[in-house]
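Enquirer: Assemble the complex: chain A is given as a structure, and chain B must be docked to it using the hints.
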Amino acid sequence: MNGQTEQSIYPHRHLLGIEGLSPLEITALLDRSETYVEQNRQADKKQSLLRGRTIINLFFENSTRTRTSFELAGKRLSGDVINMSVATSSIKKGETLIDTAMTLNAMHPDVLVVRHPESGAVKLLSEKVNCAVINGGDGSHEHPTQALLDALTIRRRRGTLQGLTVAICGDIVHSRVARSNIHLLNTMGARVRLIAPATLIPPGVERLGAEVFYDMDEGLKDCDIVMMLRIQHERMQGSFLPSQREFFAYFGLDYAKLANAKPDALIMHPGPMNRGVEIDAEVADDFGRSVIREQVEMGVAVRMACLEILTENLDRPVDSNL
Amino acid sequence: MSVNDKTPGKVAYTNARLLDPASGLDAMGGVLTSGKEIIDVGAGLFVDGTPDDAQVMDCGGACLAPGLVDIRMHTGEPGEEHKETLVTSGRAAVAGGVTTMVCLPNTDPVIDDMSTVEFVARRARLLGLAKVYCYGAITKGLKGTEITEMAMLADSGAVAFTDGLRGVADALVMTRALSYASSFGLLIVQHPEERSLSAEGSMNAGETATRLGLTGIPKQAEVIMVDRDLRLAELTGGRLHFAHLSTAESIEAVRRAKAAGLAVTCDTAPPYFALNEMAVGDYRSFAKLSPPLRDESDRQAVIAGITDGTIDAIASDHLPQDEESKRLPFGEAAFGGTGLETLLAVTLEMVHNGHLDILTALGLITSKPAALMGLSAGQLAAGRRADLILFEPDRGWKVTDARLHSKSKNSPFDGRPVQGRVLQTVIDGRTVFNLED
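So the protein lines, in turn, are chains A and B. 0 is the number of the first residue of the first sequence in numbering that gives the first Met the number 0; add one for each residue after it. 0 is the number of the first residue of the second sequence in numbering that gives the first Met the number 0; add one for each residue after it.
These are computed hints drawn from the structure, not numbers from a lab. No experiment lies behind these values; they were computed from the predicted model shown. It is possible that some hints are incorrect.
No farther apart than 20 Å at their CA atoms in a straight line, the calculated lysine to any residue pairs in the SDA-like style are these [as the list claims (entries may be wrong)]:
id	chain 1	residue 1	chain 2	residue 2
1	B	Lys9	B	Gly43
2	A	Lys44	A	Thr67
3	A	Lys127	B	Glu322
4	B	Lys142	B	Ala170
5	B	Lys408	A	Lys44
6	A	Lys74	A	Thr310
7	B	Lys142	B	Arg124
8	B	Lys397	B	Glu435
9	A	Lys127	B	Lys257
10	A	Lys45	A	Glu311
11	B	Lys397	B	Asp427
12	B	Lys406	B	Glu295
13	A	Lys261	A	Glu126
14	A	Lys127	A	Val85
15	A	Lys127	B	Arg326
16	B	Lys139	B	Ala170
17	B	Lys408	B	Glu322
18	A	Lys127	B	Asp281
19	A	Lys127	B	Gly280
20	B	Lys35	B	Asp51
21	A	Lys127	B	Lys35
22	B	Lys408	A	Ile97
23	B	Lys257	B	Ala303
24	B	Lys9	B	Asp427
Simulated restraints, written as ranges between beta carbons of each label pair [unchecked claim]:
id	chain 1	residue 1	chain 2	residue 2	range
25	B	Ala262	A	Gly19	46 to 56 Å
26	A	Pro10	B	Leu125	54 to 64 Å
27	B	Leu125	A	Glu126	38 to 48 Å
28	B	Ser195	A	Pro316	21 to 31 Å
29	A	Arg50	B	Asp400	56 to 66 Å
Just so it is clear, CB atoms sit at the ideal spot from N, CA and C, and this is done for glycine as well.
Bound conformation, chain A alone:
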């Protein structure tokens, strides 16, 4: 330590995943996000922290919510935000990835927010550019800002993550949201349960820190938080489920199943929801317990905090592997 540079609260070049982050780093990201929640509720939502900075949202996979959330976050900090959607043919996706990364890098962006249908693609891209990279979701691997916004939502409602029991339900095998949440919740001292039919549970997932249930009533027993996942039809090649109606009957969240959880259990969903497939419409709109819209609100705050911290780090010596 030469004392010349202030140590960052988050000493990494990129935000590629939750795995590997310490409780202190996660707490620091959440604390910083918290400062933006109130500001986002004011009439004047703008700050000038990112003036002169360029943020490129590079999306190789369709997204409206996440892209809009990042776009808004960048603009509220006065950054110049550009959205790029790269249509991907199923054959030559990777070639587009590296080529696009090199091309964009030459334009000197400060932050690249990248979403890609292949696991590991964002990490690969981060190795080819000089700017900070935020993983906006890579395949079935990680979606770190989603886990952070989920954590922020829970923390604001419950005060802490420590000691909570969180059930993550549905399409675990294809879900990057589930993986990021498993890592985050374990790191922060919560207990994770996974509830789904065995075809949607990836092998060995218990060793990531989760208890697996095939029975919704049993799995939801005394849970503090119920996180539903979207059934990802687009990633399902072959027969994972016999039908939507059978899935809903046994694994969809309705009031009867929810009765097993704690009376004040929060209901979450990363969106977009398939009403009547994984979640009953009434439950989703339950004013007292559903925090689904609050998750969306927290998303902007979390992304503002991530953009701010990574931009601060651009001038600091930090670890470039995460």
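Expert: Chain B alone, transformed into the frame defined by chain A:
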């Protein structure tokens, strides 16, 4: 590298540690060659001096062994010359001590026709590097439906039959292939992979794949086809060989079948006893292989299969891929790793680790694979071809791009420190590789 086109006269290799797995010879001594042939080998050779008409090559105490015989590699030619050619694979081979190799039929055009067999053989012969033999395809165009003209292919030089990177999926086609081949005494080599179980996967199924968000290839994809084919071999009486076994259960199945007297053999490749799925790390596409790197218990089972003799041979499984095929997200990257230049050193790791003695280790990459394919190579004995390697088993080096001769650099051992270096490679009496050059 100098390729001396002149066939030399007599050469006396003196002061060498002679290693011949076939005869069990491990002694200091010498070898006398004349032209393309070995004419004498022995511990006591040259005690009364070398013949006057012989050029003397002092081996300086290094090991002199038969050249390696690699029964599973891709040449890239014809069809994928941007990844590898017969020239570059030939150079990689001799740098790795491989003097005879058998190439897979997954070329374009496929080696399912006599003219392609002859093309490869002629091209390789003109190059004068490692000797190249071909597998013929089991099915036309590797499509898995109609069997090839196996007898005619064999007559034109195909040493055995395989669909290479693809397992023959249809049980009836496999039954007929084994049955038909048995009428001519031909060997069928299967890549055991039940595709309906593995098709979407890119690495071994399990915790690591789950953590990385990659679709897994379960071990059962290999075991199921091994089990099925063992029953088909029993049904038909055909000679069956499994390529690159990677799981404990499939090796155990072969062990039991051998004990029951079935005419079945198998091989593995260095990644399966020297690496496990942890090598994938953070999406390292050089560690994306088919079959995939398995877990540690499987790696230990492969070593056990080698030490107890269930596994008959070790092949390089050399599969060159260019940057465009590997610098991709893991799920989209091509399968395969190069292996010709690391075959000796990584196999010798089992000697350095105490799993094998040096003669047994060398036997797995010389005389035993040669015997499986019915080749006369892989022996240090009078009357055999002068295909020799001089090597230092303890000499350390690091596997790096710059040291590799293959046109593609996708070694799963990239960056690994290894021991065992080829100093000189001799084919038909001619020195085709010299480390000092």
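Enquirer: Now look at each hint and say whether the structure bears it out.
Expert: Evaluated hints:
1. Straight-line distance between C-alpha atoms of Lys9 (chain B) and Gly43 (chain B) comes to about 18 Å, which keeps the hinted pair within the 20 Å bound.
2. Between the alpha carbons of Lys44 (chain A) and Thr67 (chain A) the distance comes to roughly 16 Å, so the proposed pair stays at or under 20 Å and holds.
3. Proposed proximity of Lys127 (chain A) and Glu322 (chain B) is supported: the alpha carbons are some 14 Å apart, at most 20 Å.
4. Using a Cα cut-off of 20 Å, the hinted pair Lys142 (chain B) and Ala170 (chain B) holds, with the two alpha carbons roughly 14 Å apart.
5. Taking the CA atoms of Lys408 (chain B) and Lys44 (chain A), the gap is near 52 Å; set against the 20 Å cutoff, the hint is violated.
6. Between Lys74 (chain A) and Thr310 (chain A) the CA atoms are separated by roughly 14 Å; this keeps the pair inside 20 Å, and the hint holds.
7. Between Lys142 (chain B) and Arg124 (chain B) the alpha-carbon distance is near 29 Å, which puts this suggested pair outside the 20 Å criterion.
8. About 17 Å separates the Cα atoms of Lys397 (chain B) and Glu435 (chain B), which keeps this hinted pair within 20 Å; it holds.
9. For the given pair, Lys127 (chain A) sits about 51 Å from Lys257 (chain B) by alpha-carbon distance, which is inconsistent with the 20 Å threshold.
10. A threshold of 20 Å between alpha carbons decides the hint, and for Lys45 (chain A) with Glu311 (chain A) the separation of about 18 Å falls inside it, so the pair holds.
11. For the given pair, Lys397 (chain B) sits about 30 Å from Asp427 (chain B) by alpha-carbon distance, which is inconsistent with the 20 Å threshold.
12. Of the supplied pair hints, the one linking Lys406 (chain B) and Glu295 (chain B) is violated, its CA atoms being roughly 31 Å apart against a limit of 20 Å.
13. Proposed proximity of Lys261 (chain A) and Glu126 (chain A) is contradicted: the alpha carbons are some 45 Å apart, above 20 Å.
14. In summary, the hint linking Lys127 (chain A) to Val85 (chain A) is supported, as the alpha carbons are separated by about 18 Å, within the 20 Å threshold.
15. Among the hinted pairs, Lys127 (chain A) with Arg326 (chain B) is consistent with the structure: their alpha-carbon atoms are about 11 Å apart, no more than 20 Å.
16. With a CA separation close to 16 Å, the supplied pair Lys139 (chain B) and Ala170 (chain B) stays within the 20 Å bound.
17. Taken as a hint, the Lys408 (chain B) and Glu322 (chain B) pair is honoured in the structure, with Cα atoms around 8 Å apart against an allowance of 20 Å.
18. Annotation: proposed proximity of Lys127 (chain A) to Asp281 (chain B) holds, straight-line Cα distance about 15 Å (limit 20 Å).
19. Note on Lys127 (chain A) and Gly280 (chain B): the hinted pairing holds, with a Cα-Cα distance of about 18 Å set against a maximum of 20 Å.
20. The straight-line distance between the Cα atoms of Lys35 (chain B) and Asp51 (chain B) is roughly 19 Å, inside the 20 Å bound, and the hint therefore holds.
21. Proximity of Lys127 (chain A) to Lys35 (chain B) is assessed by CA-CA distance (about 52 Å); at most 20 Å being required, the pair is judged violated.
22. Among the hinted pairs, Lys408 (chain B) with Ile97 (chain A) is consistent with the structure: their alpha-carbon atoms are about 19 Å apart, no more than 20 Å.
23. Of the pairs offered as hints, the one joining Lys257 (chain B) and Ala303 (chain B) holds, with about 15 Å between alpha carbons and a cut-off of 20 Å not exceeded.
24. Of the pairs offered as hints, the one joining Lys9 (chain B) and Asp427 (chain B) holds, with about 12 Å between alpha carbons and a cut-off of 20 Å not exceeded.
25. For the pair Ala262 (chain B) and Gly19 (chain A), the beta carbons lie near 51 Å from each other, so the given range of 46 to 56 Å is met.
26. In this structure the hint that Pro10 (chain A) and Leu125 (chain B) lie 54 to 64 Å apart at CB holds, the actual value being about 60 Å.
27. Roughly 42 Å separates the CB atoms of Leu125 (chain B) and Glu126 (chain A), a value that falls within the hinted 38 to 48 Å.
28. A hinted range of 21 to 31 Å for the beta carbons of Ser195 (chain B) and Pro316 (chain A) is inconsistent with their spacing of about 51 Å.
29. Against the hinted window of 56 to 66 Å, the Cβ-Cβ separation of Arg50 (chain A) and Asp400 (chain B) comes to about 44 Å, which falls outside the hint.
In this structure, the earlier hints numbered 5, 7, 9, 11, 12, 13, 21, 28, 29 are contradicted, and the remaining ones agree with it.
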